[in-house]
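Asker: Here's the letter readout for the chains.
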Amino acid sequence: MEAKATAKILLVLTVLGILSWLCLSQSSKVAVLNYSIRDKELEKARLQRENDELLAEIMELASVSRLEDMTLGLGYVPVDEVRYVDIPGYIPGDASRESVVAEPMLGINTSVAPENSKEEPTGISRWWNRVVSQFVAWTKAQP
Amino acid sequence: MIVRGRITQEDDNSWAKEKAFRRLVFLIAVLVGVILILVAQLFRLQVFGGAPDPELAMLASQETVASRGIILDRNGYFLALNTYEYEITAAPNIITDTQYAIDQLSPLLDLSRDDLAALLDPKNPYALLKKRASKETAEAIAKLKLQGIYLKPKLRRRYPEGQLAAHLLGFVNFDCNGAYGLEGYHDSVLKGMDIPQGGEAYLNYQAVPIAFDPLALPQEGPYLVLTLDRNIQYLVERELAKAVARYQAESGTIIVMDPRTGAILAMASYPSYDPNRFYEVPKEQFDLFVNPAVSKWYEPGSVFKVVTMAAGLETGVVTPDSTYFDSGTIEVGGWTIFNPDRKAHGWVTMRDILAYSLNVGIAHVSTLLGEERFYEYVRRFGFGRKTGIDLDGEIEGYVRMPGSANWSRVDLGTNSFGQGIDVTPLQMITAVAAVANHGLLMKPYVVDRIVDGQNVIVTQPTAVAQVISAQAAEQLTDMLVDAVERGAELAMVPDYEIAGKTGTAQIFIPEEGQYDPELTIASFAGYAPAHDPRFIMLVKIDKPRLDPWGSEVAAPVFRIIAERLFALLDTPSDRVRLASR
Numbered sequence: 001m002e003a004k005a006t007a008k009i010l011l012v013l014t015v016l017g018i019l020s021w022l023c024l025s026q027s028s029k030v031a032v033l034n035y036s037i038r039d040k041e042l043e044k045a046r047l048q049r050e051n052d053e054l055l056a057e058i059m060e061l062a063s064v065s066r067l068e069d070m071t072l073g074l075g076y077v078p079v080d081e082v083r084y085v086d087i088p089g090y091i092p093g094d095a096s097r098e099s100v101v102a103e104p105m106l107g108i109n110t111s112v113a114p115e116n117s118k119e120e121p122t123g124i125s126r127w128w129n130r131v132v133s134q135f136v137a138w139t140k141a142q143p
Numbered sequence: 001m002i003v004r005g006r007i008t009q010e011d012d013n014s015w016a017k018e019k020a021f022r023r024l025v026f027l028i029a030v031l032v033g034v035i036l037i038l039v040a041q042l043f044r045l046q047v048f049g050g051a052p053d054p055e056l057a058m059l060a061s062q063e064t065v066a067s068r069g070i071i072l073d074r075n076g077y078f079l080a081l082n083t084y085e086y087e088i089t090a091a092p093n094i095i096t097d098t099q100y101a102i103d104q105l106s107p108l109l110d111l112s113r114d115d116l117a118a119l120l121d122p123k124n125p126y127a128l129l130k131k132r133a134s135k136e137t138a139e140a141i142a143k144l145k146l147q148g149i150y151l152k153p154k155l156r157r158r159y160p161e162g163q164l165a166a167h168l169l170g171f172v173n174f175d176c177n178g179a180y181g182l183e184g185y186h187d188s189v190l191k192g193m194d195i196p197q198g199g200e201a202y203l204n205y206q207a208v209p210i211a212f213d214p215l216a217l218p219q220e221g222p223y224l225v226l227t228l229d230r231n232i233q234y235l236v237e238r239e240l241a242k243a244v245a246r247y248q249a250e251s252g253t254i255i256v257m258d259p260r261t262g263a264i265l266a267m268a269s270y271p272s273y274d275p276n277r278f279y280e281v282p283k284e285q286f287d288l289f290v291n292p293a294v295s296k297w298y299e300p301g302s303v304f305k306v307v308t309m310a311a312g313l314e315t316g317v318v319t320p321d322s323t324y325f326d327s328g329t330i331e332v333g334g335w336t337i338f339n340p341d342r343k344a345h346g347w348v349t350m351r352d353i354l355a356y357s358l359n360v361g362i363a364h365v366s367t368l369l370g371e372e373r374f375y376e377y378v379r380r381f382g383f384g385r386k387t388g389i390d391l392d393g394e395i396e397g398y399v400r401m402p403g404s405a406n407w408s409r410v411d412l413g414t415n416s417f418g419q420g421i422d423v424t425p426l427q428m429i430t431a432v433a434a435v436a437n438h439g440l441l442m443k444p445y446v447v448d449r450i451v452d453g454q455n456v457i458v459t460q461p462t463a464v465a466q467v468i469s470a471q472a473a474e475q476l477t478d479m480l481v482d483a484v485e486r487g488a489e490l491a492m493v494p495d496y497e498i499a500g501k502t503g504t505a506q507i508f509i510p511e512e513g514q515y516d517p518e519l520t521i522a523s524f525a526g527y528a529p530a531h532d533p534r535f536i537m538l539v540k541i542d543k544p545r546l547d548p549w550g551s552e553v554a555a556p557v558f559r560i561i562a563e564r565l566f567a568l569l570d571t572p573s574d575r576v577r578l579a580s581r
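Here the protein sequences come in this chain order: A and B.
Residue 82 in our numbering sits at position 82 of the first sequence, and the numbers go up by one each step.
Residue 418 in our numbering sits at position 418 of the second sequence, and the numbers go up by one each step.
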């Protein structure tokens, strides 16, 4: 009887041990996997921060005040009088009304307008449309 | 035999028990061994094997900050973006070699060894070593791979254009909260969502991410695309600073707007500050943070005659060619009102009243209107209430209305030429823009669109009200063109029709209860091309000491900027533009 009882206890312990091992094993695997995911997310965040730092440097180097200082340093002088020169055949746009550029310079954080958007074309397509329309106007203006 | 047999049975029982005991011990030993192996494996995985790279862990800590949404001008140039500083903390009670840590960190953190030793007292569980360290310092510390030293990135807003549009943008303080301007107004939109500290257990102050949710990642704030044009803004700020210096003025404000939509193309005030170094502004100069274009009022002076004349034309009490005998004075509410030149001008038309900026004539128009109709139009044009622009800190201005305790009938006369009435520069330009826009008052706005991943929210121009008819607006535009040609020649640009009105306002000194006998606010509000306007501009120069007149101080600034705006906004001369129709 004692041997049987002992055997039962051992059996229960063994089963519990196996279950515990399975449980711990799975927990460890999940932890390792999540560590891996988190590491990658942290690495991504770190790279994003580095990217932001570089972008800030670039934009500071390209700021209007710095560009003006550089041009003045190169011997250029500020314009005293500005005149809009009318060119026959040129069709002006309406710069103040044209839709603003939705995407930042340097192409970061690019966004896509909704598919059902019926806004005016922006960026390259807008530029191309203007070039084509100006060319058509120029050909019409030729004698 | 019996004895032997008994002895044998006892021996057998004893042997069986001993055997069972040995088996039990063996099995227990095996189980303990297995448990030890499991514990060892768990320890290895969670402390050594699965632990993140120490350098990476130090640089990123347990929390990752979300990027604040960037701000772009209409052409995609960055006006505000993010960089990072690092908060350096320590858990001194788990630092293995405190002396080594002090030796290494003292020069990097610019802390004396004694101060650092006090902070790193092994009894302390936590110490803040530096609130904001540079990226270079953080990288140097990370390379040391010191146990118990942690680096946490902290967002720092960077404005790559420096002072450009500082009043409009506002800034982000050390607690990562937006203050003033766009940063303040759109703070909740721009803020992203930081990642929560994940994990179920903590070991060595590192979260063990058993329940790590990969979806709980920091969410970047959406970015704002403004109606502002970086180049126009720069031009306006430069010319404003020059004008303030040239006329020895105290300050100034210029706003450029598209009158057809209410989109702000530029908004500048001088003096300004660098939002990258907002913390260097001394407490007594905190007023610099306030945007005078929307948060400070002034008496607009004769520019306000545009509103009075608009009401007169719309109600039909006058026409552009109505005449009036100007005797040099008019009595309203028991007070005598004079012309600025203190002269009588005889028979004058309504056109003359605007061209020569006659106070007596415009007060005559307001008395013809009567207080009820005059103030109805003042309200219609948006005075005494916020325009609703998407900027922090806009005020309503102050209009004393008939019936209120501090209103008297003389206000009907003085208000008609913009004295005794307090407006913001934005209210003033928005009202004149309604005349330029065929009588339709538009709500001014700065954010053209908010871009959040795939979602784009575009601001649609909003019409507030048709304040006067298109016909009255057209008549008034003609009169304002005439006013520029005869009264503000310095605002004229060859080949373009400019409509506008000068203002030379006296400044009320509340402490003395009277107007300043010498100093004025010189202003000019104008739009061009007059009958097809691409822009409207308000130039306001405060307390110019060299010359008090709007026609001499503000009008030339308008011309200089307008010349460049025609090029920047691709606007051909009237001759070419009208011929192409």
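Just so you know, the hints here were simulated from the structure itself, not pulled from any lab data.
Just so you know, not all the hints are guaranteed correct.
Said to hold, decoys possible - Below 25 angstroms or equal to it, Euclidean Cα-Cα: the simulated PhoX-like pairs (lysine-lysine) are:
1) K135/B x K123/B
2) K191/B x K143/B
3) K123/B x K8/A
4) K131/B x K8/A
5) K19/B x K40/A
6) K40/A x K152/B
7) K19/B x K44/A
8) K131/B x K29/A
9) K242/B x K154/B
Claimed, not checked - Computed Cβ-Cβ distance ranges for the label pairs, DEER-style:
10) N124/B x E53/A: 27 to 35 angstroms
11) L24/A x Y126/B: 49 to 57 angstroms
12) L16/A x S134/B: 32 to 40 angstroms
13) V30/A x R113/B: 24 to 32 angstroms
14) E53/A x Q41/B: 53 to 61 angstroms
15) E81/A x Q219/B: 17 to 25 angstroms
Note that the Cβ used here is the ideal one computed from N, Cα and C, for glycine as well.
Asker: State for each hint whether it applies.
Answerer: Hints versus structure:
no.	hint	verdict
1	K135/B x K123/B	29 angstroms, violated
2	K191/B x K143/B	31 angstroms, violated
3	K123/B x K8/A	51 angstroms, violated
4	K131/B x K8/A	62 angstroms, violated
5	K19/B x K40/A	55 angstroms, violated
6	K40/A x K152/B	17 angstroms, holds
7	K19/B x K44/A	61 angstroms, violated
8	K131/B x K29/A	37 angstroms, violated
9	K242/B x K154/B	38 angstroms, violated
10	N124/B x E53/A: 27 to 35 angstroms	32 angstroms, holds
11	L24/A x Y126/B: 49 to 57 angstroms	31 angstroms, violated
12	L16/A x S134/B: 32 to 40 angstroms	55 angstroms, violated
13	V30/A x R113/B: 24 to 32 angstroms	44 angstroms, violated
14	E53/A x Q41/B: 53 to 61 angstroms	41 angstroms, violated
15	E81/A x Q219/B: 17 to 25 angstroms	51 angstroms, violated
Hint compliance for this structure: hints 1, 2, 3, 4, 5, 7, 8, 9, 11, 12, 13, 14, 15 are broken, all remaining hints hold.
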